[in-house]
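A.B. asks: Protein chains in written order, with the working numbering: chain A, 1 to 313; chain B, 1 to 424.
Note that these hints are calculated values from the structure, not bench results. No experiment lies behind these values; they were computed from the predicted model shown. Treat the hints with caution; some may be incorrect.
Claimed, not checked - DMTMM-like cross-link-like pairs, simulated, lysine to aspartate or glutamate; straight-line CA separation at most 20 Å: (1) 313/B x 88/A; (2) 91/A x 311/B; (3) 200/A x 283/B; (4) 91/A x 312/B.
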Amino acid sequence: MQLQRKDILGLQDMTADEIGLILDTAISHKEILSRPVKKVPILRGKSICTLFYENSTRTRTSFELAAKIMSADTTSISVAGSAVNKGESFKDTLLTLEAMGIDLFVIRHSASGSSHFASQTVKSCVVNAGDGTHEHPTQGLLDMLTMVENKERLDGLKVVIVGDIMHSRVARSNIWGLSRMGAQVRVCGPSTLLPAEIDKLPVQKHTNLDEALEGADVVNILRIQLERMDRGFFPSVREYCRLFGINKQRLRKCADDVLVMHPGPMNRGIEIAPDVADGEFAVITDQVTNGVAVRMALLYLLLGGGSTNVASA
Amino acid sequence: MWLLLKGGRIVDPSRGIDEGGDLLIQDGRIVGGHNAPVGEDGRTIDCAGLVVAPGLIDMHVHLREPGYEHKETIATGARAAAAGGFTTILGMPNTKPAIDNRAVVEYVLNEGADADVNVLTTGAATKGNDGAEMAEIGDMVDAGAVAISDDAFPVQNADLMRRVMEYSRMFDVPVLTHCEDTSLTLDAVMNEGVNATILGLRPWPRQAESIMVIRNILLSELTGCPVHIQHVSALESVGEVRWAKNRGIPVTCETCPQYFSLTDAALNTYNSNAKVNPPLRTDADVEAIKAGLADETIDAIATDHAPHSLEDKQVELQYAAFGMVGLETALPLVLTNLVKPNVLSLCDAIAKMTIAPARILGLDSGTLADGAVADVTIFDPDATVTVRADEFKSMGRNTPFDGVELTGKVIATIVAGKVVSSDE
Numbered sequence: 001m002q003l004q005r006k007d008i009l010g011l012q013d014m015t016a017d018e019i020g021l022i023l024d025t026a027i028s029h030k031e032i033l034s035r036p037v038k039k040v041p042i043l044r045g046k047s048i049c050t051l052f053y054e055n056s057t058r059t060r061t062s063f064e065l066a067a068k069i070m071s072a073d074t075t076s077i078s079v080a081g082s083a084v085n086k087g088e089s090f091k092d093t094l095l096t097l098e099a100m101g102i103d104l105f106v107i108r109h110s111a112s113g114s115s116h117f118a119s120q121t122v123k124s125c126v127v128n129a130g131d132g133t134h135e136h137p138t139q140g141l142l143d144m145l146t147m148v149e150n151k152e153r154l155d156g157l158k159v160v161i162v163g164d165i166m167h168s169r170v171a172r173s174n175i176w177g178l179s180r181m182g183a184q185v186r187v188c189g190p191s192t193l194l195p196a197e198i199d200k201l202p203v204q205k206h207t208n209l210d211e212a213l214e215g216a217d218v219v220n221i222l223r224i225q226l227e228r229m230d231r232g233f234f235p236s237v238r239e240y241c242r243l244f245g246i247n248k249q250r251l252r253k254c255a256d257d258v259l260v261m262h263p264g265p266m267n268r269g270i271e272i273a274p275d276v277a278d279g280e281f282a283v284i285t286d287q288v289t290n291g292v293a294v295r296m297a298l299l300y301l302l303l304g305g306g307s308t309n310v311a312s313a
Numbered sequence: 001m002w003l004l005l006k007g008g009r010i011v012d013p014s015r016g017i018d019e020g021g022d023l024l025i026q027d028g029r030i031v032g033g034h035n036a037p038v039g040e041d042g043r044t045i046d047c048a049g050l051v052v053a054p055g056l057i058d059m060h061v062h063l064r065e066p067g068y069e070h071k072e073t074i075a076t077g078a079r080a081a082a083a084g085g086f087t088t089i090l091g092m093p094n095t096k097p098a099i100d101n102r103a104v105v106e107y108v109l110n111e112g113a114d115a116d117v118n119v120l121t122t123g124a125a126t127k128g129n130d131g132a133e134m135a136e137i138g139d140m141v142d143a144g145a146v147a148i149s150d151d152a153f154p155v156q157n158a159d160l161m162r163r164v165m166e167y168s169r170m171f172d173v174p175v176l177t178h179c180e181d182t183s184l185t186l187d188a189v190m191n192e193g194v195n196a197t198i199l200g201l202r203p204w205p206r207q208a209e210s211i212m213v214i215r216n217i218l219l220s221e222l223t224g225c226p227v228h229i230q231h232v233s234a235l236e237s238v239g240e241v242r243w244a245k246n247r248g249i250p251v252t253c254e255t256c257p258q259y260f261s262l263t264d265a266a267l268n269t270y271n272s273n274a275k276v277n278p279p280l281r282t283d284a285d286v287e288a289i290k291a292g293l294a295d296e297t298i299d300a301i302a303t304d305h306a307p308h309s310l311e312d313k314q315v316e317l318q319y320a321a322f323g324m325v326g327l328e329t330a331l332p333l334v335l336t337n338l339v340k341p342n343v344l345s346l347c348d349a350i351a352k353m354t355i356a357p358a359r360i361l362g363l364d365s366g367t368l369a370d371g372a373v374a375d376v377t378i379f380d381p382d383a384t385v386t387v388r389a390d391e392f393k394s395m396g397r398n399t400p401f402d403g404v405e406l407t408g409k410v411i412a413t414i415v416a417g418k419v420v421s422s423d424e
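Chain A extracted, bound-state conformation (with noise of 0.2 Å):
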């Protein structure tokens, strides 16, 4: 089987062929990584440019390694702030490096939706590193990729989705591409940062930490962004940390073999205590791991063979 698409958007139109695909050709990629010497010829002769309207240390990093590894030419393009106020505009900048001959563009962008119109613009590839409050869909894949590797199924599998629903990426791609493989998802936060009409998306939404912890084989904790306190999303830090904070004791409710997980970076003490971030059942290095085989089987499939237009090329 083959990917027959041009791009990575989102999980939402993902068919569980396309991820199982993907997750299969991560786990293969995977043993690259802890070769002695981490290089292989695949993707060489390729272009690929991250071209990046937000920060982002993990993200970008994982990226470019996984194109270095498969030989891929990387270049980095960090924009900051908008190019509505200054400078070039986003359609000029994506035509300006395509004319360059890039052939495949990691996209992160503040404004949800940006990587839609770059696939729009350019005939490159185009994935989606994270878009605004839409989806990010690589994270959604490595974390998938985690829990498959803990817990050889995602069928079935209860996850849940703690903290900020409503400004989440992660979550749109988390609920997308589990509901799509089996799993139950259950999303759970304060009503204000919960979006209007989530049950309509396959979830189970809660308030109360506790009822949704209940049996649960996987927690997905997401970093809270301290500036939606100023906006009154919730009252205090204090607060949060009292209700959804996820701390040892909470973590009982869970099955006995539950993973907590963190797409970081972490606010330690806050949404997630430090004992599980650092305990026994806490898989946030083996994400981050994953993260770096997710993007390489993603760059392979897309550029290396898995496409029917490069491959033709």
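With chain A fixed as given, assemble chain B onto it according to the hints.
C.D. replies: Coordinates of chain B only, in the frame set by chain A:
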């Protein structure tokens, strides 16, 4: 000079007429009865199978001049109006500079005098549309402004809005209000609901509109000023206006074709041409709008024609300008989505685009009565047309209806007896 419109279906809601017949125009005016043309200089238009209606009136148009001539000018906006069957258009005051004083009112009316259709203007409620200080309403009305509006810059301060209404009443002009509580719409992009949740776009609740609708209704009752609610989009707003009318408050309202033709699902591919203010809503809102049109709660259909340049729209959705063009698709959308499915009779639909806005604005047009100035629209109610944005007379191409097949085609637009647009 005469023009004989022969053998059409004459629909004149001002007199409750929907019947076959001829319509004679002599020297720019309608001649009633069965009078014969006088003089050699004239011609006949065969109107068999066509509707002959009063010229359409659009009481909500953004002409962009002065200041934004890269989006539209008064001349191109008027040309688009003529192509869409409109003979009278009312420009909104959010230009640059704002239409907030006599000089700008006179500029717009002077430019409009040379345009293809009758160009009217509103005056801004506040100086520079800043929502802080009342504009010179008396002077603008004296210069020819037919209404006062806070469109695009809704007045948030209730006390100031009260004064604007009280003051406007003195000059016998209605206040047209854009109802939006902007504290509920900070950075908002689309209607609040499951689609905004999926797309990750900042949500815009219906209540941002309906809170202001009820505020302005109550201020109308307090001041006695005729208030017209612009572009009603939300279910609750329809109920509020219905309540106000039952109570005898001098309130009227309009909706626009997009609010009975589309829902927020039109944004599912991040199509910036479907980004409008107020935002597209849900099926329930569309049904409420249709019910409001049918039971006379909603008086008028306007377009909120809002042309933008490609650069304003070909950006990330949250940075894209709000608005869509409407002049050249309004009549087909009304025919396709209201008349064909029997939401409104043809006569009632035409009323909402002719005599209703004329009455709200105190105009003597919108009728085919004997002696009226001959503003007439002739259209084929059954023709199928495909919308082609690149063929618009408007400079704006920002329509979500590009490529869509609609029913109804404007055949000729006649202003004061002169054919200004023709597709015969």
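A.B. asks: Find the hints from earlier in the document that the structure breaks and name them by number, from lowest to highest.
C.D. replies: none
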